[in-house]
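Q: Sequence:
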Amino acid sequence: MNVNDPGRVLILGAGPTGLGAAYRLQELGMKDFQLLEQGPGPGGLAVSHVDSQGFIWDLGGHVQFSHYAYYDSVLELALKEWLWHERESWVWLKERFIPYPFQNNIHRLDAQDRERVLDGLRHAARSRADSVPPAHFGEWLERNFGRALCDLFMSPYNTKVWGCPPSAMGVSWMGERVAVPDLERIERNIRENRDDVSWGPNNRFRFPLRGGTGAIWKGVAGLLGPDHVSFGCRAVRIDLDARVAVLEDGRRLGYDTLISTLPIDVLSRICEPLPPEVRRAGSQMRYSSVHVLGVGLRHGKPESLTNKCWMYFPEEHSPYYRVTVFSNYSPHLVPEGDGYWSLMAEVCESADRPLPARDLMEWTVEAMRRDALISPSAEVVSRWHMRLEHGYPTPFTGRDEVLAHIHPALEARRVYSRGRFGGWKYEAGNQDHSFMQGVELADRLMFGKPEVTYPDPNRANSGIFLAKG
Numbered sequence: 006m007n008v009n010d011p012g013r014v015l016i017l018g019a020g021p022t023g024l025g026a027a028y029r030l031q032e033l034g035m036k037d038f039q040l041l042e043q044g045p046g047p048g049g050l051a052v053s054h055v056d057s058q059g060f061i062w063d064l065g066g067h068v069q070f071s072h073y074a075y076y077d078s079v080l081e082l083a084l085k086e087w088l089w090h091e092r093e094s095w096v097w098l099k100e101r102f103i104p105y106p107f108q109n110n111i112h113r114l115d116a117q118d119r120e121r122v123l124d125g126l127r128h129a130a131r132s133r134a135d136s137v138p139p140a141h142f143g144e145w146l147e148r149n150f151g152r153a154l155c156d157l158f159m160s161p162y163n164t165k166v167w168g169c170p171p172s173a174m175g176v177s178w179m180g181e182r183v184a185v186p187d188l189e190r191i192e193r194n195i196r197e198n199r200d201d202v203s204w205g206p207n208n209r210f211r212f213p214l215r216g217g218t219g220a221i222w223k224g225v226a227g228l229l230g231p232d233h234v235s236f237g238c239r240a241v242r243i244d245l246d247a248r249v250a251v252l253e254d255g256r257r258l259g260y261d262t263l264i265s266t267l268p269i270d271v272l273s274r275i276c277e278p279l280p281p282e283v284r285r286a287g288s289q290m291r292y293s294s295v296h297v298l299g300v301g302l303r304h305g306k307p308e309s310l311t312n313k314c315w316m317y318f319p320e321e322h323s324p325y326y327r328v329t330v331f332s333n334y335s336p337h338l339v340p341e342g343d344g345y346w347s348l349m350a351e352v353c354e355s356a357d358r359p360l361p362a363r364d365l366m367e368w369t370v371e372a373m374r375r376d377a378l379i380s381p382s383a384e385v386v387s388r389w390h391m392r393l394e395h396g397y398p399t400p401f402t403g404r405d406e407v408l409a410h411i412h413p414a415l416e417a418r419r420v421y422s423r424g425r426f427g428g429w430k431y432e433a434g435n436q437d438h439s440f441m442q443g444v445e446l447a448d449r450l451m452f453g454k455p456e457v458t459y460p461d462p463n464r465a466n467s468g469i470f471l472a473k474g
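Using my numbering, read the sequence shown as starting at 6 and increasing by one per residue.
Quick caveat, the hints were computed from the structure, so don't treat them as lab data.
Each hint can be trusted.
Here are the simulated distance ranges between beta carbons: (1) Gly259 x Gly305: 54 to 60 Å; (2) Asp200 x Val249: 54 to 60 Å; (3) Glu384 x Trp87: 26 to 32 Å; (4) Ala356 x Arg127: 33 to 39 Å; (5) Ser57 x Asp343: 16 to 22 Å; (6) Asn312 x Lys36: 48 to 54 Å.
Simulated pairs of lysine-lysine, DSS-like, Cα-Cα distance not exceeding 25 Å: (7) Lys99 x Lys313; (8) Lys36 x Lys223; (9) Lys36 x Lys454.
Glycine included, every Cβ here is placed at the ideal spot set by N, Cα and C.
Using the sequences and the accompanying hints, generate a full structural model.
A: Laid out in structure tokens, this is it:
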């Protein structure tokens, strides 16, 4: 079988990557493919849930911004009603809100912290010409931001969100994710006492009018022929020699080409036979789990939250690293009636950062009150909690070398692992990236066309695909 004849294609996982691959294969006229999803519906980590009180919750602070015209065109087919928002993201530190990116808005700090951070930024700017590459993310942060800003925000926040110290993380993943300081711009903002909030690829984003983020992926799945999609199908073993996927219910499905969006550590455990060194590489993958906690409220919404989208919390007294004012995204995310609104928190858990033995929801609500997110007059009417075992794929030191052991061994057996956790590249793990990983892999299998998003995220993020269909 040559690269342009994928034969029968089996796709595991109906999240954005699996749906992207299936949609593109169908668009290209491919008939012999099947998409299997272990859950009851499509979306993967981008599903939405409705709680018992009628509040809708996403599995994290998802928003839609895109690097691809093709992706935008598919979303327009899948869903017709959208709301557009200007991003307002903030940092809550020392009982005050500071606009994000933090480094551009240090004029909001008290005088002592501001001068200390500015001195550190100036020292970093003078020293940045060092030609020796940084050994890890922590070193990169200090070289670019200076010790004071790292101590105040960068180090505690990144430790809190990733569940490991920055010194355990590599430097190849950052791309557009971290705003490198522009000292002249920062000094001008201080002189003019001006907020600077325009940085970032998601400074304007859209969100479904109804149904939360999950409505998008229900819509995309609806574009596929029903014979091509099956739910409630969990693969428990992949027989690489026989090219058979064994399902939990005992069914055996043959394939010629397998596209997996399962976490690559899970995939490496269920593939047999697999060389021991490849299985060991799979066991080395590092990740954090995420608890998503939804707090549904009525009345008493603080005026300070009227236009905010999400907020970052670096300090240890708060369990969460991010809180989204979720009801600001759409009025249909809360029950009908007067005065309903909602907050959605995300809390990291990892081997390096275990959660204390206390009720996480109670701690979250207590912290929200202390952090001025819930006013005394607000009534808590709903509490919703879900833990995601695989929350963030950690870009750990040596990640790329470990992946280089796994992918060639799998692809030699016509198994292709892509997606947020299937590829384990956070820098190519947004919904648009994940969908396009599936699309580009389909093009590779059908035409031999090289992929871009997974092997070269920086090029994909440069905007080269925004003007192309």
